[in-house]
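Colleague: Take a look at the letters that make up each chain.
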Amino acid sequence: MLKGRFGGFFFQLIALLLAFGFVSLILLSVDASPAEAYKNMFNGSFGSMRKFAEVLVAFVPLLLVTAGLLVTFSSGLWNIGVEGQVVLGAITTTWVFRYFIESDLPPALIITLAILGGMLGGAVWASFTGVLKVFGGVNEIFGGLGLNFVATALTIYLIFGPWKRPGVASMSGTVPFPDEFSLPLLAGLRISPWALAIALAGIVVIYFILQGTYFGLRLKAVGKNFRAAYLLGIPTWQYSMYSFLICGALAGAAGAVQVAAVYHRLIPSISSGYGYLGLMVAMLINYNAIWAVPVALFFAALNIGSIQLPILMKLDSSLSGVLQGVLVLFVLLADGVRQKFARKA
Amino acid sequence: MNVELKNIHKHFGTVHANKAINLNIPTGTIQGILGENGAGKSTLMKILSGFIQPDPGSEIILDGKPVVIHSPADAIKYGIGMLHQDPLDFPPMKLLDNFLLGLSGGLFPNRKEAAQDFNLLAREYGFSFDPESYVDSLTVGERQQLEIMRLLFLGARVFILDEPTTGISAGQKEKLFATLKKFPDQAMTVIFVSHKLEDVEHLCDRVAVLRGGVLVGETKPPYVTSKLVAMMFGKEITLGARQPAQAGDVVLSLKNISLEDVRLKIKNVDLEVRAGEVIGLAGMEGSGQGMFIRACAGLTRPVGGRISLNGRDLTGKSYHTFKRAGVNFLPAARLEEGLVPGLNLIDHFVLAEEPKGIFIDRAAGQKLAEDRIQSFNIRGTPLSTVESLSGGNQQRAELALLQTPLSLVLLEHPTRGLDIESVIYIWSKLKERCKQGASIIFISSDLEEILQYSDCLLVFFSSKVSQPIDASATSVEELGQLIGGKGWADTGDEHA
Chain H
1 MLKGRFGGFF
11 FQLIALLLAF
21 GFVSLILLSV
31 DASPAEAYKN
41 MFNGSFGSMR
51 KFAEVLVAFV
61 PLLLVTAGLL
71 VTFSSGLWNI
81 GVEGQVVLGA
91 ITTTWVFRYF
101 IESDLPPALI
111 ITLAILGGML
121 GGAVWASFTG
131 VLKVFGGVNE
141 IFGGLGLNFV
151 ATALTIYLIF
161 GPWKRPGVAS
171 MSGTVPFPDE
181 FSLPLLAGLR
191 ISPWALAIAL
201 AGIVVIYFIL
211 QGTYFGLRLK
221 AVGKNFRAAY
231 LLGIPTWQYS
241 MYSFLICGAL
251 AGAAGAVQVA
261 AVYHRLIPSI
271 SSGYGYLGLM
281 VAMLINYNAI
291 WAVPVALFFA
301 ALNIGSIQLP
311 ILMKLDSSLS
321 GVLQGVLVLF
331 VLLADGVRQK
341 FARKA
Chain V
346 MNVELKNIHK
356 HFGTVHANKA
366 INLNIPTGTI
376 QGILGENGAG
386 KSTLMKILSG
396 FIQPDPGSEI
406 ILDGKPVVIH
416 SPADAIKYGI
426 GMLHQDPLDF
436 PPMKLLDNFL
446 LGLSGGLFPN
456 RKEAAQDFNL
466 LAREYGFSFD
476 PESYVDSLTV
486 GERQQLEIMR
496 LLFLGARVFI
506 LDEPTTGISA
516 GQKEKLFATL
526 KKFPDQAMTV
536 IFVSHKLEDV
546 EHLCDRVAVL
556 RGGVLVGETK
566 PPYVTSKLVA
576 MMFGKEITLG
586 ARQPAQAGDV
596 VLSLKNISLE
606 DVRLKIKNVD
616 LEVRAGEVIG
626 LAGMEGSGQG
636 MFIRACAGLT
646 RPVGGRISLN
656 GRDLTGKSYH
666 TFKRAGVNFL
676 PAARLEEGLV
686 PGLNLIDHFV
696 LAEEPKGIFI
706 DRAAGQKLAE
716 DRIQSFNIRG
726 TPLSTVESLS
736 GGNQQRAELA
746 LLQTPLSLVL
756 LEHPTRGLDI
766 ESVIYIWSKL
776 KERCKQGASI
786 IFISSDLEEI
796 LQYSDCLLVF
806 FSSKVSQPID
816 ASATSVEELG
826 QLIGGKGWAD
836 TGDEHA
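Protein chains in written order, with the numbering used here: chain H, 1 to 345; chain V, 346 to 841.
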C-alpha cells in the first residue's frame, strides 16, 4: 500500500518535471530563457502582497468549480457544462442585483440573496444537463457543451439587449453596480475575505460529504458501477441528478463571486474559462478533495504570474495555459504508464 | 476438403480450454460437435476459423498439408468459412453490397457481374433473394442463407456452423438442413456445432463430443441418445445426501407470466414457490432462464401475467420495490453487476445496510465488516477492494451483502468457477437462509448442483419452460435430454 502510494507520487513528480521540461523546450525554441520566464512568473504571482491577492482572486472561482466537479466526477459524470453553470450563476446574480437596485433593503441581505440566487441559477442550468442525460439519453458531455454555447450567447444577448448601458451597448459589459453591492474587499487589495471564505467552506463541505457521509459513499458507488449500485438498492438516476445540482450550485457560486466581488457587473467573458480550468484541476488531483486547495492555488498562480510575460519578456501570457495543459497530459500519461507497470508486476 | 486437427491445445490464462484434441473429418461429411456450455466447442471452432491461435505444438492439416491460419481472412483463403451464431452482416446495406464485402479485388467492384453470380448461386441452392433489397428486411433464417451464399461465393469448402438453429423457425431449419445435405455431394465438409441432440442426430454423419475441453468420444449413427447425454454431461455423481425442504407458505406466485425480448418469447408460466424451497433453473445458456429470473426480481417487466410476493401483487413494480419486499438478486457477473470495483468491503457492507443518520460511523463499519468477513469466511481484510478478492471470495462477499430478513433469493450461477470447497460452503450458507424461511431460485449449468440442492426444478429449452419437476425423481440423464430438447411433450407452438 505504502509502496503503491509512493510509486504514484514518484510518477507524478516525473510528470511535473517532464511538463516543465517540455515547456522549457518551447521557450528555448523561441530564444527565451526558461529560468527567467519561470522566475518572472513566480515573482508575478508571489512577488508582492498585491500580486498574491490577485492570485487569490483567481483561486476562489477555480476552487469552487473544482469542488463542484469533485462531486460530478465521483458519480461518474463528465460535467463539461460547468462553464455554462458559472455563467448562469453570474447572470442570475446580476439579475438579483438589478432587481433590488432601487430597494431599501440592507446591502448585506441583497448580496446574500444575489449569491444564493447565483447558486440556484447554476443548479438549474446544471439540472438541464441532468434531465437531458437521465430522461433524454443525451450524454452529459454533449448536453453540457451545447448548453455552454447557449449560456455564452445569453450573456451577449443580455449585455447588448435588455441590460445594455444607457446610450450605447459595449463589450465592457453592463453598468457597474454601486459600491455597496460589492462583497467587502481587503483595504487596498482586490480580494474579498468573504469570497475566500465561501470557497474554502465549499471545498471543506465537499470533502466531508465525499469522505464521511452515506450520501457521498452512494455517489461513489453510482460512479464506479452504476448497475451494481442499482442492484444494491441505490436510487441511481436520482443520485446523478443530485450531483448535477450540487456541482451547478458551486459553479453558480463561482459566477456569483465574479460579479459580486470582482467585476461588479456582467461582462461577456464573466467565467474567464474557470470551468474548463477546474476540469483540469480535478483531473490532475485524481478526484481527491484533499489536493484541491494546493493545486488550484498553483494553477491560479500560473495564470496570474504569466501576465508578466508579455510586459517583461515579450512572450504571450497563454504560456501558462500551455504549461497547465501539458502538466495534466503528462500526469495522466504517467498514471497510465504506472498502471501498465503495476499490471505487469 | 479433409480437415485434420492434431493435438490442439489452447490456454486462456490458467484455463485450459482445449486439451489435446485430435479429430479427423473426411471430405464430404457432416461432422457434429456436441457439448455443453464451456466444453470448448467454440474455442476449437475459433481456432479452425482463424479467430484465435492455438498453443504452439497444435497442428491443423488440410488435405494432408499442415497450415497455419492467422486470421479469418486467412481461413477463407484456405477454404474455411464460419457461420456465426449471430450473422455478421450489415443490416442497413443492400444484399449485393453485403455480398461484395470481403471480396478482395479492385477499388471498384463489378456489380453487374457479381449480381449474375449472386442469382446463379441462389438458383443452384434454391434460395430466393433480390440482390438490390436491404439486409434488414430479412429474417434471421434468411440472413443465415445469405451468409452461406456469401461463403460459397468466396470459395469456402469447409463450413463451420455455430449453433445455427437457435432463433430460426422450424421451416427455416428444414430448409437449412436440406441445403447442408447437398454439400457432401460436392466434396464439401460441414462442421455442425450444437447442443441440440435432435438436430445433431437428424443431420450429422458422425458426432464428436467435447466435455471440459477434452474430446470424450466419437460416434456414428444409429445414435443412442442416452449414450450421447452421458458423454456430454459425464457420469452421475452425488454430493452426499439431499436435504429436502420443509415447505411453508407460498412466498412467490407467478400466474400466467409471459416474457419477451428480442430473441425469446416465454409464454404463460405458472409457478408457486413456498418458504424454504429451492428451485433450480436448468437449460443451455440463453434459453430464457436469465430473463425469467430477472422477471422474478422485477428487473424485467413481464408482458403478461401477475407476480405476487407473500400475497402482495408486485406486477410491473421496480426492483427496488421488490427489494424492499424482501427479494435480493445476485447476478452472475460479480464485478460488472454485483459489486463495485474500487470500493472496499467496509464500503460495501455499509452501503447494503440502512443508513443511520448522515455520517457514516467508521468504527461500526469496521466492526460490521470484521464480523461478516469471519462469519462468511472471506479471505480478505475490511479494507480489501472487491476486485482484489478471488472469485470464490467475491461470491462470499455477495452472499454477505444479502439483507435480513429475506423472502426470496435469486441467484445466477452462484458457484460458477468456484472450487468444490467454496461450493459446499456457499450452499450451506444458502440453506441456512432457507431454514429462516427464505426461498431460493437459482440458475446453474451444472446439473449435479441443480439435482443436489434444489427441491424442484424447471428446464428451459429455446423459450419453452417445463412443468416443475421433482428433483428427487429425476436424473442427470433425463435432465440432459430435456436440455438438449428431447422428451418435450409437443406444446404445439414453435416460436417464430
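Don't read these hints as lab results, they were simulated from the structure.
In this text, all values refer to a predicted model and were calculated from it rather than measured experimentally.
Please note that a few of the clues may not be correct.
[Said to hold, decoys possible] Calculated pairs, DSS-like style, for lysine-lysine (alpha carbon to alpha carbon, straight line, at most 27 Å): (1) V:K518 with V:K391; (2) H:K224 with V:K422; (3) V:K668 with H:K224; (4) V:K776 with V:K612; (5) V:K610 with V:K520; (6) V:K351 with H:K224; (7) V:K351 with V:K612; (8) V:K457 with V:K422; (9) V:K457 with V:K518; (10) V:K701 with H:K224; (11) V:K422 with V:K410; (12) V:K712 with V:K612.
Colleague: All hints, please: hold or fail.
Modeller: These are the hints, each one checked on the structure:
For the suggested pair K518 (chain V) and K391 (chain V), the alpha carbons sit about 23 Å apart, so the restraint of at most 27 Å is met. Pair hint K224 (chain H) plus K422 (chain V) does not hold up; C-alpha atoms about 45 Å apart against a cutoff of 27 Å. Annotation: proposed proximity of K668 (chain V) to K224 (chain H) holds, straight-line Cα distance about 21 Å (limit 27 Å). Restraint check for K776 (chain V) and K612 (chain V): not satisfied, since their Cα atoms lie roughly 31 Å apart, outside the 27 Å limit.
Proximity of K610 (chain V) to K520 (chain V) is assessed by CA-CA distance (about 23 Å); at most 27 Å being required, the pair is judged to hold. Taking the CA atoms of K351 (chain V) and K224 (chain H), the gap is about 46 Å. The hint is violated against a cut of 27 Å. With a C-alpha separation of about 46 Å, the suggested pairing of K351 (chain V) with K612 (chain V) is violated against the 27 Å cut-off. Distance hint between K457 (chain V) and K422 (chain V) is fulfilled; the C-alpha atoms sit about 24 Å from each other, no more than 27 Å.
Distance hint between K457 (chain V) and K518 (chain V) is unfulfilled; the C-alpha atoms sit about 31 Å from each other, more than 27 Å. Restraint check for K701 (chain V) and K224 (chain H): satisfied, since their Cα atoms lie roughly 23 Å apart, inside the 27 Å limit. Restraint check: the Cα-Cα separation between K422 (chain V) and K410 (chain V) comes to about 14 Å, which is no more than 27 Å; the hinted pair holds. With a C-alpha separation of about 48 Å, the suggested pairing of K712 (chain V) with K612 (chain V) is violated against the 27 Å cut-off.
Figure legend: structure checked against the earlier numbered hints; hints not met, in rising order: 2, 4, 6, 7, 9, 12.
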